[in-house]
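A.B. asks: Sequence:
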Amino acid sequence: NVKETGKLELDDLAPRIKDLKGRINELEGQQLNMLEHMQEAKIELLGRTQVKAYVDDLRTLLSKGTLIEQKAFLRSFIKTHPN
Numbered sequence: 001n002v003k004e005t006g007k008l009e010l011d012d013l014a015p016r017i018k019d020l021k022g023r024i025n026e027l028e029g030q031q032l033n034m035l036e037h038m039q040e041a042k043i044e045l046l047g048r049t050q051v052k053a054y055v056d057d058l059r060t061l062l063s064k065g066t067l068i069e070q071k072a073f074l075r076s077f078i079k080t081h082p083n
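Using my numbering, read the sequence shown as starting at 1 and increasing by one per residue.
Calculated from the structure, these hints are not laboratory results. Do not take every clue at face value.
Each computed BS3-like pair below joins lysine-lysine, with the alpha-carbon atoms no more than 25 Å apart [said to hold, decoys possible]:
1) LYS7 x LYS42
2) LYS18 x LYS7
3) LYS79 x LYS52
4) LYS52 x LYS71
5) LYS21 x LYS7
6) LYS42 x LYS52
7) LYS52 x LYS64
8) LYS79 x LYS64
Pairwise CB distance ranges, derived in the manner of DEER restraints [claimed, not checked]:
9) GLN30 x THR66: 22 to 28 Å
10) ASN33 x THR5: 41 to 47 Å
11) ILE43 x PHE73: 24 to 30 Å
12) LEU20 x ASP56: 29 to 35 Å
Glycine residues also receive a C-beta, built at the ideal position from the N, C-alpha and C atoms.
Could you build the full structure based on these sequences and the hints that come with them?
C.D. replies: Printed below as a string of structure tokens:
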């Protein structure tokens, strides 16, 4: 016992080392799964035609409201940057 002898014995450390190695293996498995998932994830970019259609729809929507309504909509629609 460490308290009695002042020395650490391998038997005292073995259970903790075993637990930590198990945790490391578990985390490495999770990391591998996450990396595989990231490789499978795809980002679809919009084409010029799609973006133009969205802009036209937004322009039409905004043209129907007052200036105050337009600003309120844009504030609710656009995420602001913290800086």
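A.B. asks: Against each hint, give a clear statement of whether it holds in the structure.
C.D. replies: Verification of the supplied hints:
1. Restraint check: the Cα-Cα separation between LYS7 and LYS42 comes to about 55 Å, which exceeds 25 Å; the hinted pair is violated.
2. Of the supplied pair hints, the one linking LYS18 and LYS7 holds, its CA atoms being roughly 20 Å apart against a limit of 25 Å.
3. As the CA atoms of LYS79 and LYS52 are separated by approximately 21 Å, the hinted pair is consistent with the 25 Å bound.
4. The straight-line distance between the Cα atoms of LYS52 and LYS71 is roughly 21 Å, inside the 25 Å bound, and the hint therefore holds.
5. Taken as a hint, the LYS21 and LYS7 pair is honoured in the structure, with Cα atoms around 23 Å apart against an allowance of 25 Å.
6. For the given pair, LYS42 sits about 22 Å from LYS52 by alpha-carbon distance, which is consistent with the 25 Å threshold.
7. Under the criterion of a C-alpha separation no larger than 25 Å, the hint pairing LYS52 with LYS64 is consistent with the structure, at around 19 Å.
8. A distance of roughly 22 Å separates the Cα atoms of LYS79 and LYS64; the hinted pair therefore holds under the 25 Å criterion.
9. Between GLN30 and THR66 the beta carbon distance is about 52 Å. The supplied range of 22 to 28 Å is therefore violated.
10. ASN33 and THR5 have their C-beta atoms about 44 Å apart, which keeps the hinted 41 to 47 Å range intact.
11. Separation of ILE43 from PHE73 is about 27 Å and conforms to the stated range, judged on CB atoms against 24 to 30 Å.
12. Checked against the given bound of 29 to 35 Å, the beta carbons of LEU20 and ASP56, roughly 59 Å apart, lie outside it.
Of the hints listed earlier, those the structure fails to meet are numbers 1, 9 and 12, in rising order.
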